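Asks: What follows is each chain in one-letter form.
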Amino acid sequence: MKLDRRTLLRGTCHGAMAVMGLPFLDCFLNSKGQAQTGGRPLPTRFGTFFWGCGLTHSLWIPKKGGTDWEMTVQLKPLEPFRKKLNAFSGLRVPLDSKPNGQHWSGLAAASTGIAPARSWEFESKTIDQQVAEVIGKGVRFRSVAASASGDPRQSYSSLGGSNALPAEATPLSLYMRLFGSGFQDPTKGDWKPDPRILLQKSVLSAVSEDRHRVMQNLGASDRARMDQYFTSVRQTEMQMEAELKRPTIEAKVAIPDAPSKDIVANNAWPNLQVVTPLMARLGAIALATDQTRVFNLSVSSPQNQMFTPGDPLGFHQSTHEEGVDPKLGYQPRVAQYNLESMQLYAALLKELDAIQEGDGTLLDHSVVMAFTDQSYARIHSVDGLPILTAGGASGRLKTGYHMIGDNSPVSRVGLTLQKALGVSVDTWGKDSLQVRTPYTELLA
Amino acid sequence: MSKSTLKFCCIALLTVAGAQAAPWVKGYVVAFYEPAYRFGGRADYSRGTEIEPGVDCPRGSTVHFAVPKQVAQSLSLVRWRSPKEVEEIANPPATGLSRDPAGVYFHTWRAASAFRGYNREIETYINPFAAEDPGQPQVTSRIGEGFNLDGKVKPGDFVSPDGEKGIDNQLYRAWGCDAPWRGANGNGTLVLRSNDKMVEGLYTIVLRISGNKDPMNDDDVTVEIGYSPDQIVKDARGNVGVDYSYRLLHSQQYSKLKARVKDGVVETEQADIHMPQIAWFENQTRDAFFRQGKIRVAPNADGTAAGLVGGYRDFRDLYTQNAFAQSGGVQGVREHEDHVALYYALRRNADGMFNPKTGRYDGISSAYRMKLVPVFVVEPERPMDIPSRVSEARRRQAFDLTAGATIKAVDTLVVQAVPSGSGELTATDGIEIGVGGVPIRGRGGRGSRGNPVADEKAKGPSGRP
Chain A
3 MKLDRRTLLR
13 GTCHGAMAVM
23 GLPFLDCFLN
33 SKGQAQTGGR
43 PLPTRFGTFF
53 WGCGLTHSLW
63 IPKKGGTDWE
73 MTVQLKPLEP
83 FRKKLNAFSG
93 LRVPLDSKPN
103 GQHWSGLAAA
113 STGIAPARSW
123 EFESKTIDQQ
133 VAEVIGKGVR
143 FRSVAASASG
153 DPRQSYSSLG
163 GSNALPAEAT
173 PLSLYMRLFG
183 SGFQDPTKGD
193 WKPDPRILLQ
203 KSVLSAVSED
213 RHRVMQNLGA
223 SDRARMDQYF
233 TSVRQTEMQM
243 EAELKRPTIE
253 AKVAIPDAPS
263 KDIVANNAWP
273 NLQVVTPLMA
283 RLGAIALATD
293 QTRVFNLSVS
303 SPQNQMFTPG
313 DPLGFHQSTH
323 EEGVDPKLGY
333 QPRVAQYNLE
343 SMQLYAALLK
353 ELDAIQEGDG
363 TLLDHSVVMA
373 FTDQSYARIH
383 SVDGLPILTA
393 GGASGRLKTG
403 YHMIGDNSPV
413 SRVGLTLQKA
423 LGVSVDTWGK
433 DSLQVRTPYT
443 ELLA
Chain B
160 MSKSTLKFCC
170 IALLTVAGAQ
180 AAPWVKGYVV
190 AFYEPAYRFG
200 GRADYSRGTE
210 IEPGVDCPRG
220 STVHFAVPKQ
230 VAQSLSLVRW
240 RSPKEVEEIA
250 NPPATGLSRD
260 PAGVYFHTWR
270 AASAFRGYNR
280 EIETYINPFA
290 AEDPGQPQVT
300 SRIGEGFNLD
310 GKVKPGDFVS
320 PDGEKGIDNQ
330 LYRAWGCDAP
340 WRGANGNGTL
350 VLRSNDKMVE
360 GLYTIVLRIS
370 GNKDPMNDDD
380 VTVEIGYSPD
390 QIVKDARGNV
400 GVDYSYRLLH
410 SQQYSKLKAR
420 VKDGVVETEQ
430 ADIHMPQIAW
440 FENQTRDAFF
450 RQGKIRVAPN
460 ADGTAAGLVG
470 GYRDFRDLYT
480 QNAFAQSGGV
490 QGVREHEDHV
500 ALYYALRRNA
510 DGMFNPKTGR
520 YDGISSAYRM
530 KLVPVFVVEP
540 ERPMDIPSRV
550 SEARRRQAFD
560 LTAGATIKAV
570 DTLVVQAVPS
580 GSGELTATDG
590 IEIGVGGVPI
600 RGRGGRGSRG
610 NPVADEKAKG
620 PSGRP
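These protein sequence lines map, in sequence, to chains A and B.
Using our numbering, read the first sequence as starting at 3 and increasing by one per residue.
Using our numbering, read the second sequence as starting at 160 and increasing by one per residue.
Check the hints yourself; a few may be wrong.
In silico EDC-like cross-links for lysine to aspartate or glutamate, where the CA-CA straight-line distance does not exceed 16 Å [claimed, not checked]:
| id | chain 1 | residue 1 | chain 2 | residue 2 |
| --- | --- | --- | --- | --- |
| 1 | B | Lys228 | B | Asp203 |
| 2 | B | Lys393 | A | Asp98 |
| 3 | B | Lys530 | B | Asp355 |
| 4 | A | Lys329 | B | Glu193 |
| 5 | B | Lys421 | B | Asp377 |
| 6 | B | Lys393 | A | Asp408 |
| 7 | B | Lys415 | B | Asp394 |
| 8 | B | Lys417 | B | Glu383 |
The following label-pair restraints were derived from C-beta to C-beta distances [said to hold, decoys possible]:
| id | chain 1 | residue 1 | chain 2 | residue 2 | range |
| --- | --- | --- | --- | --- | --- |
| 9 | B | Asp394 | A | Asp70 | 24 to 30 Å |
| 10 | A | Asp98 | B | Asp309 | 42 to 48 Å |
| 11 | B | Gly580 | A | Ala446 | 51 to 57 Å |
| 12 | A | Ala222 | B | Val424 | 53 to 59 Å |
FYI, nobody ran anything at the bench for these hints, they're computed from the structure.
Every value quoted in this text rests on a predicted model; they were computed, and no experiment measured them.
All residues carry an ideal CB built from backbone N, CA and C; glycine is no exception.
Construct the complete structure from the given sequences, taking the supplied hints into account.
Replies: Structure, rendered in structure tokens:
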């Protein structure tokens, strides 16, 4: 019985066939536990974690930089991952002549390196999609997005423009996408490529062949639209390529139980505490089994509507309505919501770090960028936007650092991560956000 | 002293005197800009959402729309609402784990606040005169900053911190207790927010002071103030940088005044002043018109300077600028202020720009503080106007339409409809406001524009098995 990375596991779920890939087993690795047999390296994965309304400046930023930074109140939930974490403070979001779209400009700048001219629009692909172009080829899903607060619109993964790639909004829908139908059963003896897929593929190929002829007759804006369209076509083709290869099923194992249909996903803090770890676990399994290499998890909209039962305001309203306690120097209720947001980030990291893979954990072979929309939500400020990353990108990103505020553009983080992930990019961003110099001290 | 030494000294003195008489110029960029309200509370105390009472505001800052009790009080002034209805609006069901994610209180209150006229059809923020005055606590202290604009010392005038009597700053009297503008050391929410946006590039104000004799004492000085198209430059620490160059546009937001310097303090003549007004959204960026205005600039030892600009401002400009940056209800509920109360406070305290047609004052005395950082102020290479942001054109037009209707309403006291294109009743978080102050679920929420796939998914459970 031969096992390889294409091996799929089978099982049943509520009477339906479900299929999932294998995690990276030691037998796929070389003797040093560093690469798949055959010399191919372990894939590096990328993830994003989005939460709205930022953190409290005085409670999250360590005073010391480098690796000797002290743990702060709001980073405390991330203590178990301290050595795998990087914290970036003092980042600027220069807007040039663009307006500050409240709850949007910071988010878009962090994820595209471009200050947007309009709210709710991205001016380029978001970083996860740029990374997915490089690391996400040949897997079932180019990327997967999930929204723990139950709204498919709360996805900050985009191919550009006002469209975001819709998020899976409940644990069940995420589960079904990853482990439910969608594959034809590869375990049957007479397995052959699905004729529907073959038909679709040939249609798409025909479209591809006509592409150049059509493009010649279009204006610039239409060409841009067609480019986006053909990009999605190409992605579909590549996904089909993956589905046309017959996986070898060698083992019969139990697959995770489908989440209950009764789990409510919304902005209530008790619900987020349940849903976020569930979605994080499903995402981690999807990454570990190489169904996707890019997983995006959001826990709120930019105007973070998280609320604790009994609180009439919730997170976002509190940022505007709660007074600053003069003795404390911050908004106490907002600070609690900040802390809870970091607990949700920790929940994601916990799931990634729990999966052993080769010489480390899945988290070690990933980078997860946590980003937000405001540095001081009370006044919609963007300068000083907090960004945290976790995971070492298979050893290509040094971790454990607090990169203390040096007024770098926020895009410098994105450039650094792309370098670590093997994306061939010399500059990233636009206008004052365009950067050429990554954090070289973090690149191994 | 020898003859030669004496001769040298004389030459040296003449040289110094000659240098002092030479033309001189100083430039500044405005690094902080706020209404000259004087906080009278303790800086180290607050009570939750309320800011410390003080000698300025014995009852503390405003708490409009802060708590259900206050909302009930405000809505009880609306004659067409029953007590039961008022109670339900003030205390909407908002507990449990599955409440409307957009926030029940916020949308219920902002919708109800937008319809408080004498009948249920009247939108309140465009027609504030048609609603009952919920009351605005006013500043009661006697110390205030500003200028003696009318040359008189009247009973209601303030005394400056330096002891000058007759200070006219009735805007402080009217709005000095308003929650988002009140706080110690510039810590009011909208003070912080507007300055954050200014430094971030929303607009830039520069001053150029030039004279012909001595920068410390000169009676032939010119002060220019106006808009610069160059965004404020920060230094490595994030502070406003010193000695950068900024262009000064001779635009609508530009003024040139005669002034004199005495012991280093520059003070202009009294004249009309045009300069950028405080803004925190692009649609607010426009001319602040001070009638009979004055500017004072006092140097600090570190090269920076403290500026003060004052004059009579049109109360309608002040009202619309504050009310329609977003919409009256959104800002009111979030910032704990009530624009109806602010409107009546402006009318009560107006003290300038007498309108013979109405027999009322249309202007209110005001003063604004400026922190000034030394820079080089230069002329643009070629004449240019204030640049506009095309992407903000729609919001700017919405602001103009709304402000226009409001000005017509308060001038004629005839109720005006919400103009088509106004942002007053449009959706926030996907929730619009219907006639009578009813929140209505709109078409999609924010961030979903043009995303039919996600919108479709948002309607219900996933279509997947």
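Asks: For each hint, tell me whether it holds in the structure or not.
Replies: Against the structure, the hints come out as follows:
no.	hint	result
1	B:Lys228 with B:Asp203	26 Å, violated
2	B:Lys393 with A:Asp98	13 Å, holds
3	B:Lys530 with B:Asp355	14 Å, holds
4	A:Lys329 with B:Glu193	24 Å, violated
5	B:Lys421 with B:Asp377	7 Å, holds
6	B:Lys393 with A:Asp408	12 Å, holds
7	B:Lys415 with B:Asp394	29 Å, violated
8	B:Lys417 with B:Glu383	9 Å, holds
9	B:Asp394 with A:Asp70: 24 to 30 Å	27 Å, holds
10	A:Asp98 with B:Asp309: 42 to 48 Å	44 Å, holds
11	B:Gly580 with A:Ala446: 51 to 57 Å	55 Å, holds
12	A:Ala222 with B:Val424: 53 to 59 Å	58 Å, holds
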